[in-house]
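Chemist: Protein chains in written order, with the working numbering: chain A, 1 to 484; chain B, 1 to 417.
Please keep in mind that the hints were generated in silico from the structure rather than gathered at the bench.
Even glycine gets a Cβ: it sits at the ideal position worked out from N, Cα and C.
One thing to keep in mind: the hints can contain errors.
[Unchecked claim] Here are some of the chain A residues that sit facing chain B, going by a computed Cβ distance under 10 Å:
1) Pro-184
2) Val-309
3) Val-323
4) Val-331
5) Pro-341
6) Asp-420
7) Thr-422
8) Leu-459
[Unchecked claim] When the alpha-carbon atoms are kept at most 20 Å apart in a straight line, the in silico SDA-like pairs for lysine to any residue are as follows:
9) Lys-23(B) / Leu-308(A)
10) Lys-447(A) / Trp-64(A)
11) Lys-58(B) / Tyr-338(A)
12) Lys-404(A) / Leu-133(A)
13) Lys-58(B) / Gly-343(A)
14) Lys-447(A) / Thr-157(B)
15) Lys-447(A) / Trp-70(A)
16) Lys-23(B) / Thr-236(A)
17) Lys-23(B) / Leu-386(A)
18) Lys-71(A) / Arg-85(A)
[Stated by the list, open to error] To give an idea of the chain A side of the interface with chain B (calculated C-beta under 7 Å), a few residues:
19) Trp-41
20) Asn-43
21) Leu-334
22) Leu-426
23) Phe-462
24) Phe-466
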Amino acid sequence: MSEIHAQSVPYVRDTMLPPAAPPSRQTGVVRWLRMNLFSGWFNTVLTILGIGIIWFLFHHFWPWLSHSVWKADSVQQCREIIAARWGEGATGGCFAVIRERWHQYLFGFYPRAGYWRPIMTMGLLFIAITPVLFSVSPAIRRWVLAATGLITILLMGVAETPDWSVILMWALFGIALLMAEYAPRRLFIFTVLYPVVAIWLLWGGSLWYPLMLLAGFAVGYGVIRAVPPRRSGLATFLAIAAAVIWWLFLAEPVSGLLQDMAAMRLMPVDSNDFGGFLLAVVIGVSGIAMSLPLGIVLALARRSDMFLVHIFSVIFIEFIRGVPLITLLFVASLLLNYFLPPGTNFDIILRVIIMVTIFAAAYMAEVIRGGLAALPRGQYEAADSLGLNYWQAQRLIILPQALKISIPGIVGTFIGMFKDTTLVGLIGLFDPLKGISDFVRSNFAWKGIYWEPFIFVGLIFFVICFSMSRYSMYLERRLSRENR
Amino acid sequence: MIDRASAGRQDPPFRLSMLIYDKRYRSLTFQVIVFILVMSLVWWLINNTITNLANLGKDIDFGFLFSRAGYDIPQQVIPYNSDDTHFRAALIGLLNTLLVSFLGCIAATIVGVTVGVLRLSNNWLFARLMTIYVEIFRNIPLLLWILIIFAVFTEITPAPRAYRGEEGIDLFLGMVAPTNRYTAIPAIIAARSPGALELGRIAIPWLAIIFIGLLVAAVMLRRAINARASRIQERTGQRPVTWPVNLALFVVPPIALWIIFGLYLEIPQLAGFNFSGGISVDNSFVALWLALTLYTGAFIAEIVRAGILSVSKGQSEAAFALGLRPNRTMNLVILPQALRVIVPPLISQYLNLTKNSSLAIAVGYMDLRGTLGGTTANQTGRELESILLMMLVYLAISLLISGAMNIYNSRVRLKER
Chain A
1 MSEIHAQSVP YVRDTMLPPA APPSRQTGVV RWLRMNLFSG WFNTVLTILG IGIIWFLFHH
61 FWPWLSHSVW KADSVQQCRE IIAARWGEGA TGGCFAVIRE RWHQYLFGFY PRAGYWRPIM
121 TMGLLFIAIT PVLFSVSPAI RRWVLAATGL ITILLMGVAE TPDWSVILMW ALFGIALLMA
181 EYAPRRLFIF TVLYPVVAIW LLWGGSLWYP LMLLAGFAVG YGVIRAVPPR RSGLATFLAI
241 AAAVIWWLFL AEPVSGLLQD MAAMRLMPVD SNDFGGFLLA VVIGVSGIAM SLPLGIVLAL
301 ARRSDMFLVH IFSVIFIEFI RGVPLITLLF VASLLLNYFL PPGTNFDIIL RVIIMVTIFA
361 AAYMAEVIRG GLAALPRGQY EAADSLGLNY WQAQRLIILP QALKISIPGI VGTFIGMFKD
421 TTLVGLIGLF DPLKGISDFV RSNFAWKGIY WEPFIFVGLI FFVICFSMSR YSMYLERRLS
481 RENR
Chain B
1 MIDRASAGRQ DPPFRLSMLI YDKRYRSLTF QVIVFILVMS LVWWLINNTI TNLANLGKDI
61 DFGFLFSRAG YDIPQQVIPY NSDDTHFRAA LIGLLNTLLV SFLGCIAATI VGVTVGVLRL
121 SNNWLFARLM TIYVEIFRNI PLLLWILIIF AVFTEITPAP RAYRGEEGID LFLGMVAPTN
181 RYTAIPAIIA ARSPGALELG RIAIPWLAII FIGLLVAAVM LRRAINARAS RIQERTGQRP
241 VTWPVNLALF VVPPIALWII FGLYLEIPQL AGFNFSGGIS VDNSFVALWL ALTLYTGAFI
301 AEIVRAGILS VSKGQSEAAF ALGLRPNRTM NLVILPQALR VIVPPLISQY LNLTKNSSLA
361 IAVGYMDLRG TLGGTTANQT GRELESILLM MLVYLAISLL ISGAMNIYNS RVRLKER
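Please model the complete structure; the sequences and the hints are all you need to start from.
Modeler: In structure tokens form, the structure reads like this:
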């Protein structure tokens, strides 16, 4: 362009015009509206339709919500209050039922004096999952621990907790916070011990027996350390044998002995008293915790070169995925007595947990298999060329990447499983949705109340599941190594 | 090199420890151990079952299937009454399961595709609304939706007699009457009916057979016409216009049927306390179907959205640069790539929907779970046989659907060279 300049052409502007303001329809709100809501006739129709939908929902639900009553003893009283306040024919929500029965929605028929136990279990759960879920960021770990600790202790204070457990809780959270700062890897101790403590807190009884069950692993580990050639087949065999002998013959007498020496005993609570969200969370969390490792094993088995292992895994996965969960739950409640030795009658919640775990594990296996398949072949070959054996390669190279790829699917399976815990209501357990709601409605005072429990229960489910999915998005962003 | 080196070396003689330490034999050892463990587990379970049954004085006998059922099923696809056998009751249940799953899959696909596309639309408001719909339905248990929608139908809708008279309620769109027990919808009736094909006690109207036949013929003709158009295009470079014929193939036959057989819509009429005419659909079915549709629709919407987003913008721009018209771009470039991403999870959603239809128990819809796994199992006391049989049927349905998926998948898979 250099040859065109003011000297050689008749007229070229050599000064800039002052910039003009853009047309008003190209700026600010107007532009945004034109771009996003009215950019064409179809868009305009959609906008009008959307406004119509919002207006419809608002028009129908707002009066009902705004007329809701929070303090009443029965549906009749609710209706009287609404009629008195907003005139005859007005409708309104009767959320008084939630105010009066919230404890059953949360804890089922758990004894009232023991409410601190589920609360404490829930609080400890956050310590236990911290090293697993929030290991990437110290700041988030600190905040999660501090917040859940304070909330738990506050709730425990409200729920008439014995002093020793409040002090214990303060101490535990203090230790956890210190460990999170100075030795975050050691937090795994909490994770390992958590199942025992949780079972003891929730079901009560003696602490020693679950502790002694856990001690079986310690026995096995001790044997492995003691037998000279470590990691040999013999040592492994001896360790397993020692642990089994411990569990079968020694755990019970030893725990009895310890119980006599120092009684660590809480009032036992029957499984039938569990209900509401306590039941859903117990089933959901244990299912989640157990289905992931089982799913990994199944996925590896399905990709195994060994024909029989592969075939068994395929049959198991396809069978479980082919039948609805509800039929498996019926197997748990009706048929398991046929399949087990005569006279066996173990806890219904445990049976349900086993079935839910198996069910979720089959789905988990498929999700993880997808992640394994998505991994480039070069990763496997690189692991081989480094001379790693199968388990080393899986542990150090393959699984970390494959699991990272499958995070959305894994969390999706978790969410699905947590939602599916409501199905236990169909086999007579007191899930928050059907079991507890039917129970509440069976009382004459709350007969015919539908929407309020649905809204309450749905809201809690939504909050939990939605935060799980958001957490998975956070984790994906956090773990992504590309485009840094 | 390697071959010669290994050929020169003598393989060491087999020792027992090689079963554990030699890689070549270790997998064999491991498989044998796994096999023995699994088989002993199976044997243990079967043995327990036999012992338990013997203790209870029971046996495994499927003869109960052919005894009189003695219970009624509100909704039937093929004729059934309480004098029929348990087998027929189970069949009714199976057909009910298939009916609600099939209609649910169709409706959920329509909802899902619409919502998925609208979530990507330029319209800010509508995209947000659709996001809210998807998040709400995905994060709340299906059982809750089934119970809520059932409660809406049983608690909020009026009794049939409310539609009577001057101050009565109008029918929805003048055709549909939701009541607190059933929903009355119009039926298609032929003035000059060609009768029905009698197969035992099952009567299939000829009209339906003719309609389905014409539909199949139209689909096949359309494929032939498109193939011919492609051949002509390859030879001459000019693609003949096909859409008027294609459109006519699907529009003309129904109109012809309509006129020839004098079809008309029979609007439900209130007679006494109930509606007569039209079809009365049980509320349990409507609630289950709607809940399954909306719930699965939310998942399908996400699948569709992900599929569309997976096709990079460059693909459509390249197609436009080549001079393809928008609909050809859609058919030839975008859809084949998006479908490859969409179809596998879509089918697994269909599978989920079919399995989730077993939640019918919550609203009392008599599906396979309600008949074979419910009333039959309770009445005959044969819960072992009933539940195992029911699981097998569900398994068969699932395997059929996933088999179909695999065939489709291998057809649309990326053809790598």
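Chemist: Against this structure, judge whether each hint is valid.
Modeler: How the hints compare with the structure:
1. With a cut of 10 Å, the hint placing Pro-184(A) at the interface with chain B is violated, because the nearest CB-to-CB distance is about 31 Å.
2. Interface restraint check for Val-309(A): the shortest CB-CB distance to chain B comes to about 6 Å, inside 10 Å, so the restraint holds.
3. Of the supplied interface hints, the one on Val-323(A) holds, with its beta-carbon coming within about 5 Å of a beta-carbon of chain B, less than 10 Å.
4. With a least beta-carbon distance of about 6 Å to chain B, the hint placing Val-331(A) at the interface is held under the 10 Å criterion.
5. Below 10 Å, beta-carbon pairs count as interface contacts, and Pro-341(A) has one with chain B at about 5 Å; its hint therefore holds.
6. The closest approach between the C-beta of Asp-420(A) and any C-beta of chain B is roughly 7 Å, which is under the 10 Å cut-off, so the hint is satisfied.
7. Taking 10 Å as the C-beta cut-off, the interface hint given for Thr-422(A) holds, the closest approach to chain B being about 4 Å.
8. A least Cβ separation of about 9 Å between Leu-459(A) and chain B falls short of the 10 Å threshold, and the interface hint therefore holds.
9. Taken as a hint, the Lys-23(B) and Leu-308(A) pair is honoured in the structure, with Cα atoms around 17 Å apart against an allowance of 20 Å.
10. A distance of roughly 19 Å separates the Cα atoms of Lys-447(A) and Trp-64(A); the hinted pair therefore holds under the 20 Å criterion.
11. For a cut-off of 20 Å, the pair hint linking Lys-58(B) to Tyr-338(A) stands: about 11 Å separates their Cα positions.
12. Simply put, Lys-404(A) and Leu-133(A) have alpha-carbon atoms about 13 Å apart, close enough for the 20 Å limit, and the pair holds.
13. Of the supplied pair hints, the one linking Lys-58(B) and Gly-343(A) holds, its CA atoms being roughly 16 Å apart against a limit of 20 Å.
14. Proximity of Lys-447(A) to Thr-157(B) is assessed by CA-CA distance (about 19 Å); at most 20 Å being required, the pair is judged to hold.
15. Restraint check for Lys-447(A) and Trp-70(A): satisfied, since their Cα atoms lie roughly 17 Å apart, inside the 20 Å limit.
16. Proximity of Lys-23(B) to Thr-236(A) is assessed by CA-CA distance (about 19 Å); at most 20 Å being required, the pair is judged to hold.
17. Pair hint Lys-23(B) plus Leu-386(A) holds up; C-alpha atoms about 17 Å apart against a cutoff of 20 Å.
18. Proposed proximity of Lys-71(A) and Arg-85(A) is supported: the alpha carbons are some 13 Å apart, at most 20 Å.
19. Violation of the interface hint for Trp-41(A) is found here, the shortest Cβ-Cβ separation to chain B being roughly 12 Å, above the 7 Å cut-off.
20. Proximity of Asn-43(A) to chain B holds as hinted, the smallest CB-CB distance being about 5 Å (cut-off 7 Å).
21. With a least beta-carbon distance of about 5 Å to chain B, the hint placing Leu-334(A) at the interface is held under the 7 Å criterion.
22. Given the 7 Å rule on beta carbons, the hint for Leu-426(A) holds: about 6 Å separates it from the nearest Cβ of chain B.
23. Against a cut-off of 7 Å between C-beta atoms, the interface hint on Phe-462(A) holds, since the closest Cβ of chain B lies about 5 Å away.
24. Below 7 Å, beta-carbon pairs count as interface contacts, and Phe-466(A) has one with chain B at about 5 Å; its hint therefore holds.
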